[in-house]
Amino acid sequence: MAAKLKKGDKVVVLTGKDKGKQGEISAVMPKANKAVVDGINISIRHTKQSQTSQGGRLPQAMPIDLSNLAIVDANGKPTRVGFREEDGKKVRYAKTTGEAI
1 MAAKLKKGDK
11 VVVLTGKDKG
21 KQGEISAVMP
31 KANKAVVDGI
41 NISIRHTKQS
51 QTSQGGRLPQ
61 AMPIDLSNLA
71 IVDANGKPTR
81 VGFREEDGKK
91 VRYAKTTGEA
101 I
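Under the UniProt record's numbering, the first residue of the sequence shown carries the number 1, and numbering increases by one thereafter.
In case anyone wonders, no lab produced these hints; they're calculated from the structure. Keep in mind that the hints are not guaranteed to be accurate.
[What the hints assert, rightly or not] Think about it this way: if two alpha-carbon atoms lie no more than 25 Å apart in a straight line, the pair counts; the simulated DSS-like pairs of lysine-lysine are: (1) Lys48 with Lys10; (2) Lys19 with Lys4; (3) Lys95 with Lys4; (4) Lys31 with Lys17; (5) Lys48 with Lys31; (6) Lys89 with Lys21; (7) Lys31 with Lys7; (8) Lys21 with Lys6; (9) Lys7 with Lys21.
[To be verified] Derived CB-CB ranges, DEER-like: (10) Thr52 with Lys17: 28 to 38 Å; (11) Thr15 with Thr52: 31 to 41 Å; (12) Gly16 with His46: 19 to 29 Å; (13) Lys90 with Gly56: 39 to 49 Å; (14) Asp65 with Gly8: 40 to 50 Å; (15) Asp87 with Arg57: 46 to 56 Å; (16) Lys10 with Leu58: 18 to 28 Å; (17) Lys19 with Gly55: 41 to 51 Å.
Source: prediction; values computed, not measured. Built from N, CA and C at the ideal position, the CB exists for glycine as well.
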(Lines of atoms letter the chains of each structure in order from A and count residues from 1; the text may use other names and numbers.)
(Lines give C-alpha, C1' and ligand atoms only; values in the text may rest on other atoms or scores of the structure.)
Protein backbone atom coordinates (compact mmCIF):
# COMPACT_ATOMS: atom_id res chain seq x y z
CA MET A 1 0.00 0.00 0.00
CA ALA A 2 1.26 3.49 -0.81
CA ALA A 3 2.40 5.70 2.05
CA LYS A 4 0.17 8.64 2.92
CA LEU A 5 2.89 10.31 5.00
CA LYS A 6 6.50 10.40 3.83
CA LYS A 7 9.85 11.73 5.03
CA GLY A 8 10.02 15.51 4.62
CA ASP A 9 6.24 16.09 4.92
CA LYS A 10 5.10 18.94 7.18
CA VAL A 11 2.60 17.51 9.68
CA VAL A 12 0.52 18.58 12.68
CA VAL A 13 -0.11 16.45 15.79
CA LEU A 14 -3.81 15.64 16.35
CA THR A 15 -3.73 14.12 19.86
CA GLY A 16 -1.49 13.75 22.89
CA LYS A 17 0.76 16.05 24.88
CA ASP A 18 2.02 17.82 21.73
CA LYS A 19 -1.44 18.43 20.21
CA GLY A 20 -1.43 21.28 17.70
CA LYS A 21 2.35 21.39 17.24
CA GLN A 22 3.80 21.26 13.74
CA GLY A 23 7.01 19.68 12.51
CA GLU A 24 8.70 17.86 9.66
CA ILE A 25 8.93 14.07 9.44
CA SER A 26 12.55 12.93 9.72
CA ALA A 27 11.96 9.15 9.63
CA VAL A 28 9.06 6.79 8.91
CA MET A 29 8.74 3.22 10.21
CA PRO A 30 5.97 1.60 8.12
CA LYS A 31 6.10 -1.81 9.85
CA ALA A 32 5.66 -0.21 13.29
CA ASN A 33 3.17 2.34 11.85
CA LYS A 34 5.16 5.18 13.45
CA ALA A 35 7.12 8.29 12.43
CA VAL A 36 9.74 10.51 14.07
CA VAL A 37 8.90 14.22 13.84
CA ASP A 38 11.49 16.90 14.62
CA GLY A 39 10.69 18.69 17.89
CA ILE A 40 7.68 16.50 18.70
CA ASN A 41 7.34 13.82 21.42
CA ILE A 42 10.65 14.76 23.04
CA SER A 43 11.97 12.56 25.84
CA ILE A 44 15.18 12.74 27.85
CA ARG A 45 17.77 10.11 26.99
CA HIS A 46 20.44 9.51 29.65
CA THR A 47 23.76 8.66 28.02
CA LYS A 48 26.99 7.49 29.55
CA GLN A 49 30.14 9.48 28.91
CA SER A 50 32.59 8.00 26.40
CA GLN A 51 35.89 9.06 24.85
CA THR A 52 34.14 10.65 21.89
CA SER A 53 31.05 12.20 23.47
CA GLN A 54 30.06 14.00 26.64
CA GLY A 55 27.51 12.11 28.73
CA GLY A 56 24.38 13.56 30.27
CA ARG A 57 20.70 14.09 29.59
CA LEU A 58 20.07 14.49 25.86
CA PRO A 59 16.62 15.39 24.48
CA GLN A 60 15.57 13.00 21.72
CA ALA A 61 12.47 12.87 19.48
CA MET A 62 10.64 9.58 19.95
CA PRO A 63 8.37 7.86 17.40
CA ILE A 64 4.72 8.87 17.29
CA ASP A 65 1.88 6.83 15.77
CA LEU A 66 0.91 7.77 12.20
CA SER A 67 -2.77 7.90 13.17
CA ASN A 68 -1.98 10.87 15.43
CA LEU A 69 -0.48 12.91 12.57
CA ALA A 70 -2.11 14.84 9.72
CA ILE A 71 -0.38 16.50 6.78
CA VAL A 72 -0.57 20.31 6.54
CA ASP A 73 -2.12 21.66 3.31
CA ALA A 74 -1.32 24.92 1.48
CA ASN A 75 -3.64 26.88 3.83
CA GLY A 76 -1.81 25.59 6.93
CA LYS A 77 -4.70 23.38 8.05
CA PRO A 78 -4.57 19.63 8.78
CA THR A 79 -5.94 17.48 5.98
CA ARG A 80 -6.39 13.87 4.98
CA VAL A 81 -4.49 12.40 2.05
CA GLY A 82 -6.05 10.80 -1.02
CA PHE A 83 -4.67 9.21 -4.16
CA ARG A 84 -5.52 9.79 -7.80
CA GLU A 85 -3.91 9.29 -11.20
CA GLU A 86 -2.49 12.23 -13.12
CA ASP A 87 -0.74 11.63 -16.44
CA GLY A 88 -0.48 7.91 -15.68
CA LYS A 89 1.20 8.47 -12.29
CA LYS A 90 -0.26 7.88 -8.85
CA VAL A 91 -0.27 11.22 -6.99
CA ARG A 92 -1.07 12.15 -3.38
CA TYR A 93 -3.48 15.06 -2.91
CA ALA A 94 -4.94 17.04 -0.02
CA LYS A 95 -8.62 16.26 0.50
CA THR A 96 -9.45 19.77 1.73
CA THR A 97 -8.04 21.74 -1.24
CA GLY A 98 -7.75 19.05 -3.91
CA GLU A 99 -4.16 20.13 -4.66
CA ALA A 100 -1.42 17.58 -5.36
CA ILE A 101 1.13 17.25 -2.59
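Tested hints:
Between lysine 48 and lysine 10, the direct Cα distance comes to roughly 33 Å. Violation of the 25 Å bound is thereby established for this hinted pair. For the hint linking lysine 19 to lysine 4, the alpha-carbon distance of about 20 Å falls within 25 Å, and the restraint holds. Proximity of lysine 95 to lysine 4 is assessed by CA-CA distance (about 12 Å); at most 25 Å being required, the pair is judged to hold. Among the hinted pairs, lysine 31 with lysine 17 is consistent with the structure: their alpha-carbon atoms are about 24 Å apart, no more than 25 Å.
The hinted pair formed by lysine 48 and lysine 31 fails the criterion: a straight-line CA distance of about 30 Å is larger than 25 Å. Taking the CA atoms of lysine 89 and lysine 21, the gap is about 32 Å. The hint is violated against a cut of 25 Å. This hinted pair checks out: lysine 31 and lysine 7 have alpha carbons roughly 15 Å apart, not beyond 25 Å. Proximity of lysine 21 to lysine 6 is assessed by CA-CA distance (about 18 Å); at most 25 Å being required, the pair is judged to hold.
Pair hint lysine 7 plus lysine 21 holds up; C-alpha atoms about 17 Å apart against a cutoff of 25 Å. For threonine 52 paired with lysine 17, a C-beta distance near 33 Å keeps the hint of 28 to 38 Å intact. The hint said 31 to 41 Å for the Cβ distance between threonine 15 and threonine 52, and at roughly 38 Å that hint holds. Between glycine 16 and histidine 46 the Cβ separation comes to about 23 Å, which falls inside the hinted range of 19 to 29 Å.
Separated by about 46 Å at the C-beta atoms, lysine 90 and glycine 56 satisfy the suggested range of 39 to 49 Å. Between aspartate 65 and glycine 8, the C-beta spacing of about 19 Å breaks the proposed range 40 to 50 Å. Range check, aspartate 87 to arginine 57: about 51 Å between beta-carbon atoms, so the 46 to 56 Å window is met. Range check, lysine 10 to leucine 58: Cβ separation about 25 Å, and the 18 to 28 Å hint holds.
A hinted range of 41 to 51 Å is violated for the C-beta pair lysine 19 and glycine 55, which are about 33 Å apart.
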